[in-house]
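K.L.:
Residue numbers (our numbering), protein chains in the order written: chain A, 1 to 110; chain B, 1 to 114.
Just so you know, the hints here were simulated from the structure itself, not pulled from any lab data. No residue lacks a Cβ here, since even glycine has one placed at the ideal position from N, Cα and C. Misleading hints may appear alongside valid ones.
[To be verified] Simulated DEER-style distance windows between Cβ atoms: (1) B:Gln14 / A:Glu15: 43 to 49 Å; (2) B:His77 / A:Gly53: 41 to 47 Å; (3) A:Lys3 / B:Lys67: 26 to 32 Å; (4) B:Phe100 / A:Met62: 16 to 22 Å; (5) A:Gln57 / B:His77: 40 to 46 Å; (6) A:Gln57 / B:Phe42: 15 to 21 Å; (7) A:Thr20 / B:Asp38: 50 to 56 Å; (8) A:Lys68 / B:Glu58: 27 to 33 Å; (9) A:Thr94 / B:Pro61: 47 to 53 Å; (10) B:Phe100 / A:Thr20: 20 to 26 Å; (11) A:Leu9 / B:Glu58: 38 to 44 Å; (12) A:Thr73 / B:Phe100: 42 to 48 Å; (13) A:Leu2 / B:Ser20: 27 to 33 Å; (14) A:Gly40 / B:Leu114: 18 to 24 Å.
The primary structure of each chain is shown beneath.
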Amino acid sequence: ELKVEQNPLFLSMQEGKNYTIYCNYSTTSDRLYWYRQDPGKSLESLFVLLSNGAVKQEGRLMASLDTKARLSTLHITAAVHDLSATYFCAVVRTAGKSTFGDGTTLTVKP
Amino acid sequence: DTAVSQTPKYLVTQMGNDKSIKCEQNLGHDTMYWYKQDSKKFLKIMFSYNNKELIINETVPNRFSPKSPDKAHLNLHINSLELGDSAVYFCASSQELRGFGELFFGEGSRLTVL
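With the hints as constraints, model all of the structure from the sequences given.
P.N.:
Written out as structure tokens, the structure is:
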């Protein structure tokens, strides 16, 4: 059974600081996604990572994938308050079935 | 135009009642899903349909019955509601064939069972 573990589960950081969220998964997979969820809202897709060594960047967020280590990272550069949200990684092993990590709730304080 | 829309957004009901949630997507995607998010924000897949065919049916009680009349619609009917069914239910769609398979979520339906 595919297991997806994220850490940390809660992250409180100051504006302007850098930090990394980690996503480990237990078995070989096709694809990995990162999603963002604002409080009380839906989830939206941030990144799709398809192959070993893939790196995607959007603004202050950068995601990478190491399929050999079964690890993805979401790096936050110079955090701002608007980045406060819950971030989920999701791994696809069987087409049509995304297994989600438990989410990392990020709070960025001034 | 909302890409994935669910109704209703809120349901408050008594234990033992039956309720339904409807979902429609206008993205032309081939696969639709129901996910359950509990109070700790854990997300778990319940069902997945590809072109009206059930392809994933996780260990969900029989009281939950999905129905897909066509590939743009996926409904969820819940019988004999229990306290533990209280959660946010998200509908989602994706394009699996010739797509990246990322999920597009509806706004969620918050179910409260009293």
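K.L.:
List, from low to high, the hint numbers that the structure doesn't satisfy.
P.N.:
Of the numbered hints given earlier, those the structure breaks are 6, 7, 9, 11 and 12, listed in rising order.
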